[in-house]
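If you read the protein sequences in the order shown, they are chains A and B. Using my numbering, the first residue of the first sequence is number 1, and each one after it goes up by one. Using my numbering, the first residue of the second sequence is number 1001, and each one after it goes up by one.
These stretches of chain B come out as covered by chain A in the derived footprint (C-beta under 8 Å, 3 or more residues):
{"#": "1", "stretch": "1024-1031"}
{"#": "2", "stretch": "1188-1201"}
{"#": "3", "stretch": "1270-1276"}
Don't read these hints as lab results, they were simulated from the structure. Since the model is a prediction, treat every value here as computed from it, not as a measurement. In this text, a Cβ means the ideal position worked out from N, Cα and C, and glycines have one as well.
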Amino acid sequence: MNLTVNGVDTTIESGPLTSLLDVLREELGITSAKAGCEQGGCGACTVLVNGASRRSCLTPVASIDGAAVTTVEGLGSPEHMSPVQQAFTHHYAAQCGFCTSGMMMAAQAYIEGGGSDDHEAIQEALGGHVCRCTGYVKIIDAVAAVARGESFDLSVTAAGTAMTNIGGMA
Amino acid sequence: MKAVGARVPRYDGIAHATGRTVFVDDVRIPGTLWVKAFRSPVHNAMMTNLDTSKAEAMKGVHVITSESVPLLEYGHLSALGIPADEPLLAKDEVRYLGQPIAVVAAPSEEAAMAAVAAITADFEEQPALFDVRKAFDADAPVIHDKGNWYTHFEDEMDRRQIRKGNIEEAFDRADLIVQGVYRPAAIEHAPIETQVCQVVPEANGRLTIYSCTQALYFSMGVVAAHLQLPLNKLKVVGGTVGGGFGGKVDTATETMCALLAQKSGKPVKWRWTREEEFLCSSTRAPWHMEVADAVTKDGWILGRKMLTLHDAGAYSRFSPYGLTKHSFHHTGAYSIPNLEFNGYVVYTNRTPTTAMRGFGVTSVSFATETHMSRIALELGIDPFELRLKNANRIGDTSPNQIPYTDPSTVPTILAIADAVGHDLTPEYAGMTPAPRSGDLLPEHLVGQLGNPEAH
Ligand code: FES
Ligand code: FES
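Take the sequences, apply the hints, and build the full model.
As structure tokens, this is what we get:
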């Protein structure tokens, strides 16, 4: 099997029924997609498959053989963040950060699909993505800001390094 | 106060937004064994014939039971001299559904599940207790060897109690007694990151523990005590928590993973499933609170009698601490000069309960605020004005006799009234937290005043 993961052609060795989540995390070492429930209930594992948001925990890899897969790593880097990544940073839309990757991929699909800044439409698009920290308001604000085409001054919100306690400098 | 209202940088903001934050489950360690648990299938039972031999015979499988633990019982408050009541792994009895009995490490998740499926034990079920109100009944099942409630408050008291003023006189003088019973339910923290841990046995004999704990040094001490190791044999790497809300202060996985890493000589990883998180991880306690207030017709609260039953679940863990905080807050944000509070930490066969945002205090806030509204309704007094009248002011004292120097009740209630567009009479609208005087210092409140300068 083959996938194009964040633009890179990749041969997949895992068995055909292996979940896309396990392929990404365990075979390819791409860890932004999280295992929050592994049963389709939380959205933390969401990635884009041919541009559409999909729960990777419920996607047997064989069912998307040949597809293009995008994860948060494929949206942008710390030096060149995408508009969705900038908006999430500027609006403090991530607290613990565990739901954030899935949220941003769903937001990316919404924006690419021409989504507006209408809060109800954003809520609908992010439905089924569970966040236990933020209370959602900042997430919806961030997505609405991208939909309006706003630009973000990260000098006051993102001056910190991309350091994490466990990983050291990312 | 420079940060209040200002936009400040987040040290981990970019890492979160670019998927680079390394959570415990994201640490890549080659050759890691998967961990799974054999858990109690029943709420309360005597256990015999635990047999792990079939699992141990499986290729690459390592098993630990209660016999593998150097110090089986060690409590989260043991360092404070409070006796432990919970074994790391169940020995002869199980007291809650999902209690870990044996834990395995195997080369894959599937192999670990197969090993757990090969473990057997016999359970002789006993009647289980789920309602704290029934714990004191003569015919209640006794579910703990020392009885149904915790008995180790100071001087080996079996309850947390507060006495202030003269409660009998307050009830004699009351125009009416307003009573209420309040029972907030258990709540699961439900972090999106389930309990997870990785432990690596290092060549120098140390164990490196990647932990999602909210209380790193607590966890380090607990692991060291169970394993009977000096602290310098442990390197705990933490600080990146995928949501905790109090549910990650108990040391849920680290000790068992450390034992399996020692036994196997290999790195191990335990990531709880969502089912385990809901069924086996600790919750916020359910509470049973009974309040009776001695009240005057014009809206003064002369005295409060309160009984709290704090449901600890099967073991006490941090519950005595939670109940203590609860007791200090049992008048809410209001000054009540005469008090009789009794609180018990009660054992049931629920999953052990633990801290959750505002440990011990949200429950009592729910009870006291609901009760304030109930008093206002019974007296036909505006609920805002009732609160403002009895609000804590500078110089008032807390239930445990601490004078307030900067109480925020008055400005908070005024802000709420403003936010919901509730009109107040000028007398109340202009209120401040200044020390009591005049109409706001009736005779019954004189005796409780403290000296804020003294603290
Ligand atoms: S991990 Fe896929 S939806 Fe929760
Ligand atoms: S930021 Fe923690 S779950 Fe969403």
